[in-house]
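Peer 1: Each chain, letter by letter, is given below.
There are 2 protein chains.
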Amino acid sequence: MSTQAVTSQDIILTGDRTTGPLHLGHYVGSLQNRIKLQDVCRQYLLLADAQALTDNMGNYVKVRDNVLQVALDYLAAGIDPAKSTIFIQSLVPELPELFSYYLNLVTVSRLERNPTIKDEIKLRGFERDIPSGFMTYPVAQAADISAFKATVVPVGADQIPMIEQTNEVVRKFNASVNQDILVECRALVPENGARLPGIDGKAKMSKSLGNSLTLGASAEDITKAVKMMYTDPNHLRVADPGQVEGNVVFTYLDIFDTDTAAVEELKAHYRRGGLGDMVIKRRLEEILQTLLAPIRARREQLAADPEHVMGILRAGTDKAREQTAATLDAVKRAMGIVYF
Amino acid sequence: MSTQAVTSQDIILTGDRTTGPLHLGHYVGSLQNRIKLQDVCRQYLLLADAQALTDNMGNYVKVRDNVLQVALDYLAAGIDPAKSTIFIQSLVPELPELFSYYLNLVTVSRLERNPTIKDEIKLRGFERDIPSGFMTYPVAQAADISAFKATVVPVGADQIPMIEQTNEVVRKFNASVNQDILVECRALVPENGARLPGIDGKAKMSKSLGNSLTLGASAEDITKAVKMMYTDPNHLRVADPGQVEGNVVFTYLDIFDTDTAAVEELKAHYRRGGLGDMVIKRRLEEILQTLLAPIRARREQLAADPEHVMGILRAGTDKAREQTAATLDAVKRAMGIVYF
Chain A
1 MSTQAVTSQD IILTGDRTTG PLHLGHYVGS LQNRIKLQDV CRQYLLLADA QALTDNMGNY
61 VKVRDNVLQV ALDYLAAGID PAKSTIFIQS LVPELPELFS YYLNLVTVSR LERNPTIKDE
121 IKLRGFERDI PSGFMTYPVA QAADISAFKA TVVPVGADQI PMIEQTNEVV RKFNASVNQD
181 ILVECRALVP ENGARLPGID GKAKMSKSLG NSLTLGASAE DITKAVKMMY TDPNHLRVAD
241 PGQVEGNVVF TYLDIFDTDT AAVEELKAHY RRGGLGDMVI KRRLEEILQT LLAPIRARRE
301 QLAADPEHVM GILRAGTDKA REQTAATLDA VKRAMGIVYF
Chain B
341 MSTQAVTSQD IILTGDRTTG PLHLGHYVGS LQNRIKLQDV CRQYLLLADA QALTDNMGNY
401 VKVRDNVLQV ALDYLAAGID PAKSTIFIQS LVPELPELFS YYLNLVTVSR LERNPTIKDE
461 IKLRGFERDI PSGFMTYPVA QAADISAFKA TVVPVGADQI PMIEQTNEVV RKFNASVNQD
521 ILVECRALVP ENGARLPGID GKAKMSKSLG NSLTLGASAE DITKAVKMMY TDPNHLRVAD
581 PGQVEGNVVF TYLDIFDTDT AAVEELKAHY RRGGLGDMVI KRRLEEILQT LLAPIRARRE
641 QLAADPEHVM GILRAGTDKA REQTAATLDA VKRAMGIVYF
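Protein chains in written order, with the numbering used here: chain A, 1 to 340; chain B, 341 to 680.
No lab work stands behind these hints: they were computed from the structure.
What you are looking at is a predicted structure, and each value in this text was computed from that prediction instead of being measured.
Glycine included, each C-beta is placed from N, C-alpha and C at the ideal position.
Hints may be right or wrong, so weigh each one.
Which stretches of chain A does chain B cover? Using the computed rule of at least three CB atoms under 8 Å from a CB of chain B, they are [what the hints assert, rightly or not]:
hint : stretch
1    : 46-56
2    : 222-236
3    : 249-260
4    : 325-337
Derived DSSO-like pairs (lysine-lysine); straight-line CA-CA distance at most 27 Å [to be verified]:
hint : chain 1 : residue 1 : chain 2 : residue 2
5    : B       : K402      : A       : K172
6    : A       : K332      : B       : K672
7    : B       : K607      : B       : K621
8    : A       : K319      : B       : K512
9    : A       : K122      : B       : K512
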């Protein structure tokens, strides 16, 4: 991900649905960048419990409990609450209020054409039984982003239509009140577009696919995960030539091993034969143990005092509301529906 | 409208979209009953500015300005703020918050099947360009009603699907949290189902049709309106037999003239011929002047001190929010998304 485009004038909004603790895929795909970006500009981190409810209405205990879990992951990984504002979405009433006004600016057919929504509907098998809250969530996202006057939103390439929808709402609102109240944003898309694959070799690491390694994983979990890791199914004997492409161990080494020369040498050796899976797995395991040990230790320490962590979220939410209240007030003033 | 079914245990929610001052049709169709019902049970009167915006996004000045106008109509007609709680919808943030949660309980196809929405889409010529806020407004209404734990909602027969939608949301929510948090409501439908026709004989009196007589109409406006009133187009000479059915003057006399025997006599005379339009119009005009003169006087008096009226709305809104905040808190507690 390029951070060069982001300047101190930018405001970032990003976050996670609180449906499970974060894993190594989140660390590589977003957390690492947030940790860098919090030194560049203002950054709001949304614990999206309300959005998670849009398709977890029967499962709200999970959604609530993971607010703390995700917060622990953030803090343990290196998010600094003095630099990044972490807040709980359901405690910011300005967001649904903006959402309800923005709904008037987006037609039903426009929502139905949203490619991300189309894909998700297929993926989740909703067909015509899509909850309205799910269908309208691009508008809720427009509320989240514009409430903070965010200029930068880190997203995957598949989420670009959501950014376009937000900017459409921004432009339509500004045009309808003939004032520049809301601010357009731009997507910050990872440069290589790569996601960390699951330990089973599947393209995406995901808790629900059972192929993930959480940030709070124990030393034993890490050992087990690396042992189970997908390599080259045709590499049966150490002497055999092995394939590096699609071999999860090498994909991970490319990402986590800072000694790139050594990794290139291992790849060459593996390709020509004579290098066993055990050797490369041992190397990767050591790297992952080193990476995750301090995160796990901080996470355990933080988890021992949940009230302290909730206090951070409370303060973050208060700070977030200062901004959202100011935006909502400006929106309502521009619409002329301010009475007192 | 039967008020017998309403008891002191009931809670009524009703109100008006703030798109124009109220007229005689509102007086007959709803205001008179509210004035009676405010002595029977708790009654909340919603000045629906936010809902009016769902299809007036480019016209928000009208929506805002009519908040005061409708409030003046309420108070002038006899709504007593000590008995009825008058409040401004856009100042109750709990309503969009409940709305955003309820959206998860209603599918898109369910909204598309709503007969009232279907009719309105035809009427307004929206086709597929329906604003999402319009499509989802049955859910917003469910939020309005259930936020007050209203048990009675006065509606026209065509609005019954909206009540059914509200009760579906109530049942679905209660089932999803396995607690009886929200309360079902029932429709209070006018007994005769009759609407006051426009002065032009069209079925519905409506400001946009230009066939209405506002509650604040001047004496001259009333004279002019009665003069223009549709009678029997074939009743050309006084001596001719005239038709009473569809004759707006008689329809109005049936509603506003308390001397029913005299009205029956006039009808018989008109039917056999020899009774001119001038005579029946003069009688109706006198009745309407007598009815509207004190309302107009009170309205002018109140309009001279808009700050006093806005103070009533402010107090009403504060009182309304006590109830909506309690309901939202119960809803969030039941969903388990309460953190502090």
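Peer 1: Quickly compare the C-alpha distance for K122/A and K512/B to 27 Å and report which way the hint goes.
Peer 2: holds, 25 Å
Peer 1: For the stretch 249-260 of chain A, does the count of residues with a C-beta closer than 8 Å to a C-beta of chain B reach 3?
Peer 2: It is violated: at least three residues are needed, and the stretch 249-260 of chain A offers just 0 whose Cβ sits closer than 8 Å to chain B.
Peer 1: Within the assertion that chain B covers the stretch 325-337 of chain A, do at least three residues meet a Cβ-to-Cβ distance smaller than 8 Å?
Peer 2: holds (count 4)
Peer 1: Between K319/A and K512/B, does the CA-CA distance stay at or below 27 Å?
Peer 2: Distance ~35 Å between K319/A and K512/B Cα, so the pair is violated.
Peer 1: Please check whether the stretch 222-236 of chain A has three or more residues whose CB lies within less than 8 Å of a CB on chain B.
Peer 2: violated (count 0)
Peer 1: Are the Cα positions of K402/B and K172/A separated by 27 Å at most?
Peer 2: Since the Cα atoms of K402/B and K172/A sit roughly 19 Å apart, the hinted pair holds (cutoff 27 Å).
Peer 1: Need the status of pair K332/A, K672/B: alpha-carbon distance at most 27 Å?
Peer 2: holds, 26 Å
Peer 1: Between the alpha carbons of K607/B and K621/B, is the straight-line distance 27 Å or under?
Peer 2: This hinted pair holds, its Cα atoms lying about 13 Å apart.
Peer 1: Can you tell me if the stretch 46-56 of chain A counts as covered by chain B, using C-beta to C-beta distances under 8 Å and a minimum of three residues?
Peer 2: With 5 residues in contact (Cβ-Cβ under 8 Å with chain B), the coverage given for the stretch 46-56 of chain A holds.
Of the numbered hints given earlier, the model fails hints 2, 3, 8; all others are met.
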